[in-house]
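Visitor: Residues per chain, in single letters:
Number of protein chains: 2
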Amino acid sequence: MLSRMQTHYLTRVMRLAVREGVRLFNGRDGEWQAQIQAVGRGGCVLRIGGCLRAQLAEPGPWLGFAPLKKDAQDTLIAQATELGVEKMIPVHTRFTSVGRVNRPRLLAQAIESSEQCGRLNVPEVAAPCFLQNLLSEWPASRPLLFADERGFGRPIAEAANGQPLDACSEPPGLLIGPEGGFADEEVREILAHPCVAAVALGPRILRAETAAVAALACWQALRGDWRRIDHPGSHDVRTES
Amino acid sequence: MLSRMQTHYLTRVMRLAVREGVRLFNGRDGEWQAQIQAVGRGGCVLRIGGCLRAQLAEPGPWLGFAPLKKDAQDTLIAQATELGVEKMIPVHTRFTSVGRVNRPRLLAQAIESSEQCGRLNVPEVAAPCFLQNLLSEWPASRPLLFADERGFGRPIAEAANGQPLDACSEPPGLLIGPEGGFADEEVREILAHPCVAAVALGPRILRAETAAVAALACWQALRGDWRRIDHPGSHDVRTES
Numbered sequence: 001m002l003s004r005m006q007t008h009y010l011t012r013v014m015r016l017a018v019r020e021g022v023r024l025f026n027g028r029d030g031e032w033q034a035q036i037q038a039v040g041r042g043g044c045v046l047r048i049g050g051c052l053r054a055q056l057a058e059p060g061p062w063l064g065f066a067p068l069k070k071d072a073q074d075t076l077i078a079q080a081t082e083l084g085v086e087k088m089i090p091v092h093t094r095f096t097s098v099g100r101v102n103r104p105r106l107l108a109q110a111i112e113s114s115e116q117c118g119r120l121n122v123p124e125v126a127a128p129c130f131l132q133n134l135l136s137e138w139p140a141s142r143p144l145l146f147a148d149e150r151g152f153g154r155p156i157a158e159a160a161n162g163q164p165l166d167a168c169s170e171p172p173g174l175l176i177g178p179e180g181g182f183a184d185e186e187v188r189e190i191l192a193h194p195c196v197a198a199v200a201l202g203p204r205i206l207r208a209e210t211a212a213v214a215a216l217a218c219w220q221a222l223r224g225d226w227r228r229i230d231h232p233g234s235h236d237v238r239t240e241s
Numbered sequence: 242m243l244s245r246m247q248t249h250y251l252t253r254v255m256r257l258a259v260r261e262g263v264r265l266f267n268g269r270d271g272e273w274q275a276q277i278q279a280v281g282r283g284g285c286v287l288r289i290g291g292c293l294r295a296q297l298a299e300p301g302p303w304l305g306f307a308p309l310k311k312d313a314q315d316t317l318i319a320q321a322t323e324l325g326v327e328k329m330i331p332v333h334t335r336f337t338s339v340g341r342v343n344r345p346r347l348l349a350q351a352i353e354s355s356e357q358c359g360r361l362n363v364p365e366v367a368a369p370c371f372l373q374n375l376l377s378e379w380p381a382s383r384p385l386l387f388a389d390e391r392g393f394g395r396p397i398a399e400a401a402n403g404q405p406l407d408a409c410s411e412p413p414g415l416l417i418g419p420e421g422g423f424a425d426e427e428v429r430e431i432l433a434h435p436c437v438a439a440v441a442l443g444p445r446i447l448r449a450e451t452a453a454v455a456a457l458a459c460w461q462a463l464r465g466d467w468r469r470i471d472h473p474g475s476h477d478v479r480t481e482s
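Same order as they appear, the protein sequences are chains G and B. Residue numbers for the first sequence follow the numbering used here, beginning at 1 and rising by one. Residue numbers for the second sequence follow the numbering used here, beginning at 242 and rising by one.
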């Protein structure tokens, strides 16, 4: 039984009808074929068929970002999800202009994008934290690529091959600043962290959401799961159980 | 003298006042320092100072894309501009769902993004064309990377180093399909073109705007102007003369 929202998505947005097929995932049990059996006002009933894909561990990069305005943040969440981000962390900084983070909204956007892009899991949306806490609690096994908007970092294609990425066992986190940039003392704290490598994303000034998607794409292409040949799936629906 | 729209942008959006500095560019004469002298209802007067940056030729990748819905297309134009695209070509395909292309709107978005990201030129927005014309008129000096959403292309990091890119003298064009993908016979026509290389952008299905920005970022990082170290400018305003 799917919820009202999921039913709306399948029957109104995707325009699927009774007897049409969908693919299900819940982030634990892989991907399953299913068929729409009945559609009612409060939901729809599916018949579950065979397993299509086993659930594989899909370690991906993390993304720390300063909260953005609504449209820019929707774009960021959607694109980061499509690019295989494993965890997204809203980070409050000195110049963050958006105060409140609507975490359920971010998660809903991440679920919708996961369904559309054929992921079998949904990225975690972490509770918002302050930059200082992000840095003090950052796991030593994971490098942190800091998108230095002053342009002082190493070109990302160069930084993606070498230290500290080679010394760490996990995919990196990416740290993208707010519209106003990081404050000077924040930059000093970031650069003093042992896991951090500053990277440069070219000679133009990128908005936060462009920097995030660009850096994620480069990392996936150079070190992540874009290096293997694989064929995308389609039209997955995430179920709760 | 700046236009009413430019004055609105400087004084309302950027909140600059008389005696504050801006940087000017027109795509031909480099970047110039200027100071706001007076602000009126119909425009504002600037005093031009010294030259800050010489105009350099900035050859960049081209982007062929199927017209998208308004918000997605705004995102695409803004992000492609920030990523240094030289020319954007709306391409009508069999499954293109958006009929009319508002070219002045695309150009306005490209100008605004050029100003914000510190470019000294504005990408060209070409007249919309049909896929068949794009292919028949494609210059032989420029490779065309086709983002094959079926996943049959070479991983982009691999394709960015090798043929046909190495044999061509110009940066590549990228060709991104519509939401519904290309029709089978369109794919055949694309792949039969001598300049074309099919590239894969990982195991997930990307929306058109994500595919475009991801592919542009990868190319800039691997073969384009992200490889040199440079420091971004800020707050440029494009002038007409």
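What the hints contain is simulated information worked out from the structure, not anything from laboratory work. A few of these clues could be false.
What the hints assert, rightly or not - Calculated pairs, BS3-like style, for lysine-lysine (alpha carbon to alpha carbon, straight line, at most 25 Å): (1) G/87 to G/70; (2) G/69 to B/310; (3) G/69 to B/328; (4) B/328 to B/310; (5) G/87 to B/310; (6) B/311 to B/328; (7) G/70 to B/328; (8) G/69 to G/87.
This structure is a prediction, so every number in the text was calculated from the model and none was measured.
Visitor: Given the proposed pairing of residue 87 of chain G with residue 70 of chain G, does the C-alpha separation stay at or below 25 Å?
Guide: Holds: residue 87 of chain G and residue 70 of chain G sit about 19 Å apart, inside 25 Å.
Visitor: Is the straight-line distance between the alpha-carbon of residue 328 of chain B and that of residue 310 of chain B 25 Å or less?
Guide: Distance of about 20 Å is within 25 Å: holds.
Visitor: For the pair we were handed, residue 70 of chain G and residue 328 of chain B, check the Cα-Cα distance against 25 Å.
Guide: 29 Å, violated
Visitor: Does the alpha-carbon distance linking residue 69 of chain G and residue 328 of chain B stay inside the 25 Å limit?
Guide: Judged against 25 Å, a Cα distance of about 29 Å means the pair is violated.
Visitor: Hint check: residue 69 of chain G vs residue 310 of chain B, CA-CA at most 25 Å. Holds or violated?
Guide: 20 Å, holds
Visitor: Measure nothing beyond the straight line between the CA atoms of residue 87 of chain G and residue 310 of chain B; if it is 25 Å or shorter, mark the hint as holding.
Guide: Roughly 29 Å between the alpha carbons, so the hint for residue 87 of chain G and residue 310 of chain B is violated.
Visitor: Holds or violated: residue 311 of chain B and residue 328 of chain B, Cα atoms, limit 25 Å.
Guide: This hinted pair holds, its Cα atoms lying about 19 Å apart.
Visitor: Does residue 87 of chain G sit within 25 Å of residue 69 of chain G, going by the straight-line distance between their CA atoms?
Guide: 20 Å, holds
In this structure, the hints that do not hold are numbers 3, 5, 7, in rising order.
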